[in-house]
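Now for the letters of each chain:
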Amino acid sequence: MGKTFKTIDDAVIRFAGDSGDGMQLTGGRFTETTATLGNDLSTLPDFPAEIRAPAGSLAGVSAFQIHFSSKDIHTPGDQPDVLVAMNPAALKAHQKELIPGGTIIINTDSFTKKNLKFADYDTSPVEDGTLDDYFAVIPIEMNKLVTAACEGLDMSPKFVARTKNFFALGVLYYMYDRPLEATEKWLEKKFAGKDVIIDANKRAMHAGYNYADTTELFTTRFKVEKAVLPSGKYRNINGNHATSLGLLAASEKSGLNLFFGGYPITPASDILHTLAAWKHFGVQTFQAEDEIAGIASVLGASFTGNLAVTATSGPGIALKGEAMGLAVMTELPMVIINVQRGGPSTGLPTKTEQSDLVQALYGRNGEAPIPLIAAATPGDCFYAAYEASRIALKYMTPVVLLTDGYLANGSEPWKIPDVDSMESIDVQFVDGLKEGEEFMPYKRDEDTLSRPWAIPGVPGLEHRVGGLEKAENTGHVSYDPDNHQRMVELRQEKVDRIQNDIAKTEVFGEENGDVLILSWGGTYGSCRSAVETLHDQEKSVSHVHVRWISPLPKDLGEIIIKFKNVLIPEINMGQLIKIIRSEYLVDAKGLNQVNGKPISASRIVEKVNEMVG
Amino acid sequence: MSDVNTPTYTKKDFESDQAVRWCPGCGDYGILAQTQKTMPTFGRKKEDFVFVSGIGCSSRFPYYMNAYGFHTIHGRAPAVASGVKIANPDLSVWVITGDGDGLSIGGNHFMHALRRNMDLNILLFNNRIYGLTKGQYSPTSKVGHVTKASPFGSLDIPLNPPSLALGAQATFVARTIDRWQAHLAQMLERSYHHDGGSLIEIYQNCNIFNDGAFEEYTSADKFENVIEVKHGEPMVFAKGTKGIKLDGFKAVVVDMEKHSLDDLLVHDETNLDLAHIIANWTTHPVLPEPIGVLYSVDKPTYNSEMVAQVDSAVKAKGAGKVQDLLNAGDTWTVK
Numbered sequence: 027m028g029k030t031f032k033t034i035d036d037a038v039i040r041f042a043g044d045s046g047d048g049m050q051l052t053g054g055r056f057t058e059t060t061a062t063l064g065n066d067l068s069t070l071p072d073f074p075a076e077i078r079a080p081a082g083s084l085a086g087v088s089a090f091q092i093h094f095s096s097k098d099i100h101t102p103g104d105q106p107d108v109l110v111a112m113n114p115a116a117l118k119a120h121q122k123e124l125i126p127g128g129t130i131i132i133n134t135d136s137f138t139k140k141n142l143k144f145a146d147y148d149t150s151p152v153e154d155g156t157l158d159d160y161f162a163v164i165p166i167e168m169n170k171l172v173t174a175a176c177e178g179l180d181m182s183p184k185f186v187a188r189t190k191n192f193f194a195l196g197v198l199y200y201m202y203d204r205p206l207e208a209t210e211k212w213l214e215k216k217f218a219g220k221d222v223i224i225d226a227n228k229r230a231m232h233a234g235y236n237y238a239d240t241t242e243l244f245t246t247r248f249k250v251e252k253a254v255l256p257s258g259k260y261r262n263i264n265g266n267h268a269t270s271l272g273l274l275a276a277s278e279k280s281g282l283n284l285f286f287g288g289y290p291i292t293p294a295s296d297i298l299h300t301l302a303a304w305k306h307f308g309v310q311t312f313q314a315e316d317e318i319a320g321i322a323s324v325l326g327a328s329f330t331g332n333l334a335v336t337a338t339s340g341p342g343i344a345l346k347g348e349a350m351g352l353a354v355m356t357e358l359p360m361v362i363i364n365v366q367r368g369g370p371s372t373g374l375p376t377k378t379e380q381s382d383l384v385q386a387l388y389g390r391n392g393e394a395p396i397p398l399i400a401a402a403t404p405g406d407c408f409y410a411a412y413e414a415s416r417i418a419l420k421y422m423t424p425v426v427l428l429t430d431g432y433l434a435n436g437s438e439p440w441k442i443p444d445v446d447s448m449e450s451i452d453v454q455f456v457d458g459l460k461e462g463e464e465f466m467p468y469k470r471d472e473d474t475l476s477r478p479w480a481i482p483g484v485p486g487l488e489h490r491v492g493g494l495e496k497a498e499n500t501g502h503v504s505y506d507p508d509n510h511q512r513m514v515e516l517r518q519e520k521v522d523r524i525q526n527d528i529a530k531t532e533v534f535g536e537e538n539g540d541v542l543i544l545s546w547g548g549t550y551g552s553c554r555s556a557v558e559t560l561h562d563q564e565k566s567v568s569h570v571h572v573r574w575i576s577p578l579p580k581d582l583g584e585i586i587i588k589f590k591n592v593l594i595p596e597i598n599m600g601q602l603i604k605i606i607r608s609e610y611l612v613d614a615k616g617l618n619q620v621n622g623k624p625i626s627a628s629r630i631v632e633k634v635n636e637m638v639g
Numbered sequence: 011m012s013d014v015n016t017p018t019y020t021k022k023d024f025e026s027d028q029a030v031r032w033c034p035g036c037g038d039y040g041i042l043a044q045t046q047k048t049m050p051t052f053g054r055k056k057e058d059f060v061f062v063s064g065i066g067c068s069s070r071f072p073y074y075m076n077a078y079g080f081h082t083i084h085g086r087a088p089a090v091a092s093g094v095k096i097a098n099p100d101l102s103v104w105v106i107t108g109d110g111d112g113l114s115i116g117g118n119h120f121m122h123a124l125r126r127n128m129d130l131n132i133l134l135f136n137n138r139i140y141g142l143t144k145g146q147y148s149p150t151s152k153v154g155h156v157t158k159a160s161p162f163g164s165l166d167i168p169l170n171p172p173s174l175a176l177g178a179q180a181t182f183v184a185r186t187i188d189r190w191q192a193h194l195a196q197m198l199e200r201s202y203h204h205d206g207g208s209l210i211e212i213y214q215n216c217n218i219f220n221d222g223a224f225e226e227y228t229s230a231d232k233f234e235n236v237i238e239v240k241h242g243e244p245m246v247f248a249k250g251t252k253g254i255k256l257d258g259f260k261a262v263v264v265d266m267e268k269h270s271l272d273d274l275l276v277h278d279e280t281n282l283d284l285a286h287i288i289a290n291w292t293t294h295p296v297l298p299e300p301i302g303v304l305y306s307v308d309k310p311t312y313n314s315e316m317v318a319q320v321d322s323a324v325k326a327k328g329a330g331k332v333q334d335l336l337n338a339g340d341t342w343t344v345k
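Protein sequence lines correspond, in order, to chains F and Z. Read in order, the letters of the first sequence correspond to residues 27 to 639 in this note's numbering. Read in order, the letters of the second sequence correspond to residues 11 to 345 in this note's numbering.
To be clear, the hints were calculated from the coordinates, so they are not data collected in a lab. Certain hints may be false.
Sample of chain Z residues at the chain F side, in silico, Cβ under 10 Å [what the hints assert, rightly or not]:
hint	residue
1	S26
2	S92
3	G258
4	F259
5	V332
Examples of chain F residues toward chain Z, derived with CB under 8 Å [stated by the list, open to error]:
hint	residue
6	F307
7	G483
8	E584
9	V620
Ideal placement from N, C-alpha and C gives every residue a C-beta, glycine not left out.
When you get a sec, could you build the whole thing from the sequences and use the hints?
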């Protein structure tokens, strides 16, 4: 057909359309197909908070970006190579981020006067030539083409038009040489019993594929070879799913029932949904009447011997603060997950941010230290949730797990862990007393300083816990000044001792040099990418990523001082930086961005080059 | 010969070693003593009892019971107790709360625990005042109540806990009075044997900040002002001299010298409409204050339904293995 194949290392595609255009689903299918082909990948769903903003409006644009590669990649990509714009609003909202010279595939059938006006276009950008100088524009009459493809099907024109996302998917499958079978199978499963829907979407997808094949619009096809990844069995996973699986693994390994008490909130609700489906694992999910009741039920379930978990986002944590303090005082194990989103207040519910770190560390009355771990990647959410559970149970403490909207909804290929070989979680309930022994609910383990876990139903261990200060050992209510001083110190000391249990810090790059990039949470990928680029430029830059922020790793201080500069990129106004500066007295510099999006690797590269020339 | 499996306890077994620190003369003492006295009669192992409370004078209660106890945070006891009950449905879980704790800051949890029919025994100590914060009006204080926070009289309209509980779909609603010790014991026993969420509102005198709030129900002429409603029995009070009959939906007091028992309203604790009518007698200028079991019906409990869902899921799918779940779906192998 005269088409040439070009092999490339990686590509970034963004699907953008109206909320009702099925962009998340389209992106999801492209991702699954790409994952099973063995590319490394990273995704960034970006959708509005409104379920259906007015059709065609800028507010209603929903997008999904995927970066896939034959190399090991860490981010969903800075600038798309290809933008699929299903309507004028999608074009308007996303065109500026496209790489110069990139390709725009446009559904011209949606470029009606009304939709153009909605998107604030005076004239159609497809016709007025404004795009042509910068981009390769491929206009396609998708509605017309799917109508033709679905001719003869018993389906209303409205439903036929809805298949246009599968047409676009077919076009992209052609461009990047992806098979259609996996998506066909998925359609058959998803719409089992609704043959006409399966048929229509298949026809639309094939029509897109064939259209791209036969027209002269697509002169080049791209090949992205398999990535070289460590051997093993892989699947694609997003952060919320990985978090749920991590909790379940901790439940199985500890032998404790998993109890989840929570209240629906974006972007954490998927954890509730996922766990609710796992009843055959004995998982009990309690959708409480509010955020406070969610964590209150978790306190009750923990007191009764469950692995108890709640998940929410920033506004929910604000409500849970008092109960988190009670968890500190009663020293009951639990995992409190904050899938961070844009704030303050209701903020940007569907966008990502790292602005709840200080809230998580200090957002309670009194001296209320809580261990804090943050997940680095979607797949790491599994390990972080497992680790949070392990530490909570070992040290008898609430643990905060921070993820964020980007990790929660973003996905990556993930090597499936072998549960048997994961670190064990041994839980010992107190099962009774020796003759004449008195039960001491606040007598601590010498190593961990954890207190014993005695659960209702066991004779002889009847005891009371509560929010009033406890006397050391006996746990009786105590207002004694010296005891309070001692207990405040013990609760902090217990958290500090977790340092003995956390992995040695890894330095990516040289052990000393001009710049250390220090990251936490979801900015891991951008920072690692940036450092790889800077290494290619032969810059003296290293990367350290911290997972535990309370306590910080023991060895972090001695690592930091070996660098002339410390740069801390964060999606906030500078939160980890405050802690690092005060903890280690270093003049760390921040790179801060709070626009609801991940920091791009190129911004970090730029910043480092500014710093060291 | 007694059954070896049935524990024999005395009141002492339920007394903790902690000094009780309510004000001398507080109505809470009587409620605590009666609870400690009644618990041994249930024949239930001591270690199976859990007392969960919120914040307030009454919420210190768990510290004084030699049972498992959790003194939580203001208003949240029903939610904490729900977690306890779901985690181990075999426990007998008691919520100790007050009018401020349970109905003001904790109104939401109170309502939702009842509507779910979570098998909790909620004891609401109603003294119509905030005691621990030294005497502000509460959600059950009367209009015009003068306190430090309402020097010109409270503007709030009080709510009636049984009406609220019935509106929230509670399956067991009762009321008793701290000084009516035998009646209190009966209510505790009825609540214990009710499989489902139960509310006992206990009128409790705060002799420091709201002394005499319930005097008309505890003084010498109390029988004129209180009616003890009993399932299947006609509504008589004032030592048999007065009765209540229904005139349409309206209850009226009748003189028993002029009426027979057959004329009277007969209590049916399974009748929700009737329960609403009786609950509304509270604070009525003429009608007596109803105490007793206003409403009791059996419905599936949240906790037992939760167990059933888990069991049926295990039966349908087999007990899950995490490794299988991890390996499920679209996977590929890198060599």
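Hints, one by one, checked against the model:
| no. | hint | in the structure |
| --- | --- | --- |
| 1 | S26 | 7 Å, holds |
| 2 | S92 | 5 Å, holds |
| 3 | G258 | 37 Å, violated |
| 4 | F259 | 32 Å, violated |
| 5 | V332 | 5 Å, holds |
| 6 | F307 | 4 Å, holds |
| 7 | G483 | 6 Å, holds |
| 8 | E584 | 37 Å, violated |
| 9 | V620 | 33 Å, violated |
Going down the numbered hints, you'll see the structure goes against 3, 4, 8, 9, while the others check out.
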